[in-house]
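One line per chain: the protein sequences are A and B, in this order.
Read in full-length UniProt numbering, the first sequence has 287 at position 287, and its numbers run on one by one without any break.
Read in full-length UniProt numbering, the second sequence has 254 at position 254, and its numbers run on one by one without any break.
These are computed hints drawn from the structure, not numbers from a lab.
One thing to keep in mind: the hints can contain errors.
To be verified - Stretch-level coverage of chain A by chain B, calculated; a stretch enters the list once three of its residues show a Cβ under 8 Å from a Cβ in chain B:
1. 3–12
2. 20–28
3. 90–97
4. 106–112
5. 136–149
6. 258–267
Virtual Cβ for every residue (Gly too), placed ideally from N, Cα, C.
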Amino acid sequence: MRPVWEEPPTVPGRALKAVILTLLVASVLFPLWTVLVTSLSPPSAIASAGGFVVIPRGFDLSAYRTIFAGGAVTRALWISTLVTVIGTAVALTVTVLSAYGLSRPGSTGHRWLLAYFLIPFLIYPPLVPKYLVVTGLGLKDSIWALILPSAVSVFNLVVVRGFFQGIPPELLDSARIDGAGDFRILARIVLPLSSAVVAVIGLFYAVAYWNVWFDALLFIDRNDMYPIQRVLQSYLLAGQAPHTSGAAASLPPTEAIKMAVVVLTVAPIVAVYPFIQRHFIKGVLIGAVKG
Amino acid sequence: MRLRDRLRRDWQLLVMLVPGVVLLLVFSYVPILGNVIAFQDYNPYAGTNPLTAFLSSDWIGFGQFQLLFEDPAFWDALRNTLTITVFQLVFFFPLPIALAVMLHHLLSRRLRGFIQTVVYLPHFFSWVLVITFFVQMLGGAGLFAQTLRDAGLEPWNIMTNPDTFLILVTAEAVWKDVGWGTIVFLAALAAVDPHLYEAAAVDGAGRWRRLWHITLPGLRPVIVLLLILRLGDALSVGFEQFILQRDAVGRQAAEVLDTYVYYFSIATGNFGFGAAAGLFKAAIGLVLILAANRMAHALGERGIYSKS
Numbered sequence: 001m002r003p004v005w006e007e008p009p010t011v012p013g014r015a016l017k018a019v020i021l022t023l024l025v026a027s028v029l030f031p032l033w034t035v036l037v038t039s040l041s042p043p044s045a046i047a048s049a050g051g052f053v054v055i056p057r058g059f060d061l062s063a064y065r066t067i068f069a070g071g072a073v074t075r076a077l078w079i080s081t082l083v084t085v086i087g088t089a090v091a092l093t094v095t096v097l098s099a100y101g102l103s104r105p106g107s108t109g110h111r112w113l114l115a116y117f118l119i120p121f122l123i124y125p126p127l128v129p130k131y132l133v134v135t136g137l138g139l140k141d142s143i144w145a146l147i148l149p150s151a152v153s154v155f156n157l158v159v160v161r162g163f164f165q166g167i168p169p170e171l172l173d174s175a176r177i178d179g180a181g182d183f184r185i186l187a188r189i190v191l192p193l194s195s196a197v198v199a200v201i202g203l204f205y206a207v208a209y210w211n212v213w214f215d216a217l218l219f220i221d222r223n224d225m226y227p228i229q230r231v232l233q234s235y236l237l238a239g240q241a242p243h244t245s246g247a248a249a250s251l252p253p254t255e256a257i258k259m260a261v262v263v264l265t266v267a268p269i270v271a272v273y274p275f276i277q278r279h280f281i282k283g284v285l286i287g288a289v290k291g
Numbered sequence: 001m002r003l004r005d006r007l008r009r010d011w012q013l014l015v016m017l018v019p020g021v022v023l024l025l026v027f028s029y030v031p032i033l034g035n036v037i038a039f040q041d042y043n044p045y046a047g048t049n050p051l052t053a054f055l056s057s058d059w060i061g062f063g064q065f066q067l068l069f070e071d072p073a074f075w076d077a078l079r080n081t082l083t084i085t086v087f088q089l090v091f092f093f094p095l096p097i098a099l100a101v102m103l104h105h106l107l108s109r110r111l112r113g114f115i116q117t118v119v120y121l122p123h124f125f126s127w128v129l130v131i132t133f134f135v136q137m138l139g140g141a142g143l144f145a146q147t148l149r150d151a152g153l154e155p156w157n158i159m160t161n162p163d164t165f166l167i168l169v170t171a172e173a174v175w176k177d178v179g180w181g182t183i184v185f186l187a188a189l190a191a192v193d194p195h196l197y198e199a200a201a202v203d204g205a206g207r208w209r210r211l212w213h214i215t216l217p218g219l220r221p222v223i224v225l226l227l228i229l230r231l232g233d234a235l236s237v238g239f240e241q242f243i244l245q246r247d248a249v250g251r252q253a254a255e256v257l258d259t260y261v262y263y264f265s266i267a268t269g270n271f272g273f274g275a276a277a278g279l280f281k282a283a284i285g286l287v288l289i290l291a292a293n294r295m296a297h298a299l300g301e302r303g304i305y306s307k308s
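Make a model of the complete structure from these sequences and hints.
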């Protein structure tokens, strides 16, 4: 309800606001819609529309069938899934352990260790030496080159640590008096109480791993190890047909197949987005305030 | 307490930190120390791996920096970077503030929630995806060009035009992050005491005076903090966004410092030179953030850190 003291909006003001907000929302939804509809359109509809289909005419899954029949896109989706699942598991484990290990001021070496973890937040690892370290460790063309360098996000660590520190210390003290060690306290008391923040941070990591592109440009030379963003780039931006080894190699990329690749790249993000959205404002801000 | 007793009490905490300590050591601290190859004529073939190559490469002092400063392409990249930073400070930075104020004054909570849900989404897209969407909509074979051709008009291609590149990259950044950028301002707006508005209205302050005298002062600490962070990062304008478009638009307009480092070192194997360029950028960045923080203190704000 409008407060009584506030003057009613002027007509031009309201119209301007409506136009701006509508355009903004449409600028996000319209491209998603067009890409989805085109990917599901039969070739005739695409041809008569001249490339992009805005109003659906007919329904055709053949673009997706072609993609999933095997070849570069299927493999890239598989690699990206692996990177996302393993990467998220590794990153969450390391982040939660580190956050708990740093959550008790006054513990042995606490100040030094905290500084050790926070400094990389201010000084990013420089590109060239990082490249030499990763290749020097023999990680080139391995999914670990995409996972390990970004497995500790100091920002996420600070958010989780802030949440852990908000848990009433009496809960932990009573467990300690009963003889529980820190690993047991973390697993039995702290984690069940912080499932929401851990879930959100996990989704942040998952999105980052799904989106990994530049690290793949640096560290992945073999095209049968490409993650999906790399394939999307070489296929849609650089205009190269995806490298395939099978018989499907000679198939010309139709507009529907291109759009289907876009849809498959967006789909996991859109699928997890409601879960992130439900929590992230709370989670991000709690961390930011306490951090 | 003696160290032994403390270790007996805390050993499990310390064990928990081992994976994080190791990962940061290998992927953050070693690369940071590895910056010293900027002072070498680093030869990747001087050894069997980067470590032995490092140990057997010659130290040449500031030679790489001299080469860097003599390279006109470096100055082009620096100029492009600064131009983009300034342009985005003027044309991007205020937009999330305006949008947050607009959303904050929407009366319908459901409409507001819907708009927020939609405009936050592109933040989670990769740059490859964002640019793909732009190409599909506005590129030479995109929907916009298709519509123009159907209408019998001459299509133009903004995606490959170096003259409008500045506008293009800002539009992309706005599309991706304008919604996300409102979150922190919306939180600050929610913390402003509504009685202030009421009292001001009773005293006869109109809409714009309330905006100027209540809303903006309420946002001031957040604005200053974000400005400091942006200034500290003035030499980074986003990496992937530019690498992805450099070939389509051309080096003249699209080369920024980060892409320069990539193309003139890793892509060519000239590692010492690239490390020198990276180190130069990091050093300037450090100076900028210290200066911006000092400026914030002078304005009476907290900034990102204080001497306490």
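Status of the hints after comparison with the structure:
no. : hint    : in the structure
1   : 3–12    : holds (count 4)
2   : 20–28   : holds (count 6)
3   : 90–97   : holds (count 4)
4   : 106–112 : holds (count 3)
5   : 136–149 : holds (count 4)
6   : 258–267 : holds (count 4)
Violated hints: none; the structure is consistent with every hint.
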